[in-house]
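Taken in order, these protein sequences are the chains called A and B.
Note that our numbering has the first sequence beginning at 1, numbered continuously upward.
Note that our numbering has the second sequence beginning at 1001, numbered continuously upward.
Careful: at least some of the hints might be erroneous.
[Said to hold, decoys possible] Stretches of chain A that chain B covers, calculated by requiring three or more beta carbons in the stretch to come under 8 Å of a beta carbon on chain B:
#: 1; region: 125–135
#: 2; region: 141–155
[What the hints assert, rightly or not] Among the chain B residues that face chain A by a calculated CB cut under 8 Å, a handful are:
#: 3; residue: Val1137
#: 4; residue: Pro1138
#: 5; residue: Asp1291
#: 6; residue: Ser1294
These aren't lab readings, by the way, just hints derived from the structure by calculation.
Cβ atoms here follow ideal geometry from the backbone N, Cα and C, with glycine treated the same way.
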Amino acid sequence: MTGKTRLLPFLLLAVSAAVACSHKPPVTQPAATPGPNQDSINAENARRDSIARADAARRDSIARAQADADKLRNAKDAATKALTQVIYFDFDSDALKDDARSSLDAKITILNANPAVRLRVAGNTDERGSDEYNLALGQRRAASAKRYLTDHGIAGDRIDIISYGEERPVATGHDESSWSQNRRDEFEITAGADQIKGAP
Amino acid sequence: MQLTQRLITCAALAACLGVPARATAQQQDTTRGVRIGLTYQPGTKPGVVVFPVSGAGGDSLQAIVSRDFDYGDRIEVIGGDAVQETARQQAAKNAVDFTIWKSLSAAAVVQISVTGSTAHVNVYDVSAKKVAASHDVPLSGAPNTEDWRMSVHAMADQIERWITGVRGIAATRILYVRGNRIYVIDADGFGEHPVSEPGTVLAPAWSPDGRTIAYSELVRTGWNVVIRDLATGREHSVTTTPGGLNITPAFSPDGQWLCYAHGVENGTDLYMASASGTGAARRVTVGRGSDNVSPTFSPDGARLAFTSGRAGHPEVYTSDVDGSNVALLTPFNFGDQNYRSNPDWSPDGRLIAFQSQLDGRFQIMTITLRDQTVKQLTSEGINEDPTWAPDGRHLAFTSSRTGVKEIFVLDAESGRARQLTHDPGARLAAWSHSTSAP
Chain A
1 MTGKTRLLPF
11 LLLAVSAAVA
21 CSHKPPVTQP
31 AATPGPNQDS
41 INAENARRDS
51 IARADAARRD
61 SIARAQADAD
71 KLRNAKDAAT
81 KALTQVIYFD
91 FDSDALKDDA
101 RSSLDAKITI
111 LNANPAVRLR
121 VAGNTDERGS
131 DEYNLALGQR
141 RAASAKRYLT
151 DHGIAGDRID
161 IISYGEERPV
171 ATGHDESSWS
181 QNRRDEFEIT
191 AGADQIKGAP
Chain B
1001 MQLTQRLITC
1011 AALAACLGVP
1021 ARATAQQQDT
1031 TRGVRIGLTY
1041 QPGTKPGVVV
1051 FPVSGAGGDS
1061 LQAIVSRDFD
1071 YGDRIEVIGG
1081 DAVQETARQQ
1091 AAKNAVDFTI
1101 WKSLSAAAVV
1111 QISVTGSTAH
1121 VNVYDVSAKK
1131 VAASHDVPLS
1141 GAPNTEDWRM
1151 SVHAMADQIE
1161 RWITGVRGIA
1171 ATRILYVRGN
1181 RIYVIDADGF
1191 GEHPVSEPGT
1201 VLAPAWSPDG
1211 RTIAYSELVR
1221 TGWNVVIRDL
1231 ATGREHSVTT
1241 TPGGLNITPA
1251 FSPDGQWLCY
1261 AHGVENGTDL
1271 YMASASGTGA
1281 ARRVTVGRGS
1291 DNVSPTFSPD
1301 GARLAFTSGR
1311 AGHPEVYTSD
1321 VDGSNVALLT
1331 PFNFGDQNYR
1341 SNPDWSPDGR
1351 LIAFQSQLDG
1361 RFQIMTITLR
1371 DQTVKQLTSE
1381 GINEDPTWAP
1391 DGRHLAFTSS
1401 RTGVKEIFVL
1411 DAESGRARQL
1421 THDPGARLAA
1431 WSHSTSAP
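Work out the full structure, taking the sequences as your base and the hints as a guide.
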């Protein structure tokens, strides 16, 4: 494109503007202020309502999702807590007491609802007794809990056992209040901890 | 110094030292061979003077030998500055004046001189006024090194045999657990050092030749028995029963077998494997879900003693090594709770040491195999896990008598006890066989 042809549109615009200026528009009285138009008000209100409703719905849905998430998390926490709840034994005994059975029953429900979850049961003893015999006693305590779980339908390969004997006390006193806390099975979730659901 | 003057000095010395006059009849009992003929009688120990030692490391050597005699509890070392001064003069002149030593109730005089890496030992019989034994004994390494100390202990043990007829136990070591490691310590409390990597470790045991140890170690799958060569530090796990609980190893007296406890979900039983811990293991006990742990071999290797909970609480049982002929060893209702465990068969085969609860505390006891006579050896604090010295007379065990757990050594005959370890938390001692068996 040459320089002349590029200038042409601008020249045309300039001419048409000059023409327009030469015709002044007629002066008109301003129109009377229009009264409220009910239709437009209604429309506007409807629009706002609709926005508010959408907002509320969105808020509700967030809250519901939040609540659901909380519920799920609470259920997961509760399930995890129940699964890892410690059970306690009498001196030189691997017999499951009533509260230990209740705790294991709760674990069974959760294990049934969560087939991916695996547990490791660690048997522990108090400081009394022979250090060496206590390793075997701890093993028997862990095996006792495992046997209860497997007797109630939990697959044996989901439950690992180990004994720490008297090597890992939680209470270090030398009296019954410490000893009773140390005669225990601990439960560690070794697989599936992330996806744990509460029992249905 | 005139002879009369010296005699007076020594007589006064004897009075000051409170050395009891000994039965001369006993001292005149001479027997054939190198023995002087002093048979140990309870409450009567032959007095021995150890002369100052000339040559490299002489002072240490004299101190070590004297302490070894003292810890052996069969010899009374006659000491004190005046005695040593007299002994030094006689050693310098190489002339033993028996009259003086007899007046001090000494039965024997031990004279040692070191030339290079050889110790020349003369043991004099004071009553017979003659040399009872004369030997050259090789020493290992430079004075005061660990090897040298052990060779001096071996010499002391040999001299003790010449004097009393019974070999000493100075050239032995004791394994024990403290914190997260297995340690070894010489019988005189020196030379302590760790012999395992850090970990959760328990139940150390010696092979008969003292070159190998076995112990239990916590691993992800449970407990493994680990066998370690002390010289090279090479370790391997026993693989005969993988997984679960593998604890309380014990080597057979001939060094061929390893007996240990294994359990997974149906109680813990004893198993017998080759000493290398490879191949197949043979089950020894049939505990039917109970716990069977802590085996100990009879000295002839034919029998076992072990802790079993088969009757509902821990008791000590014996059986043949193949598991047959099981018998309850501790059937008596003694102690306030039914809990007896951790047997250790004495080297002479007559006794089994074990722990039994009394007033809620474990105490060390022995029981005779022949007629089940029980004897209580300890009463102070909590005392656990006895292990016999090779002389069948001393025991090491865990004691809380100082307020913390330490290893103590007890002379079962005299009741004399000494503290072996001096860092809190020592437990589960295992006394080696003699490291200087002839």
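Status of the hints after comparison with the structure:
1. With a cut-off of 8 Å between beta carbons, the region 125–135 of chain A has 7 residues touching chain B; three or more are needed, and the interface restraint holds.
2. For the region 141–155 of chain A, the stated coverage by chain B holds: 3 residues have a C-beta nearer than 8 Å to a C-beta of that chain, and at least 3 were required.
3. A cut of 8 Å between beta carbons decides the hint on Val1137 of chain B: the least distance to chain A is about 39 Å, and the hint is violated.
4. About 40 Å separates the beta-carbon of Pro1138 of chain B from the nearest beta-carbon of chain A, more than 8 Å, and the hint is not met.
5. At a threshold of 8 Å, the smallest CB-CB gap from Asp1291 of chain B to chain A is about 4 Å, leaving the interface hint in force.
6. Hint on Ser1294 of chain B holds. Least Cβ distance to chain A is approximately 5 Å, under the 8 Å limit.
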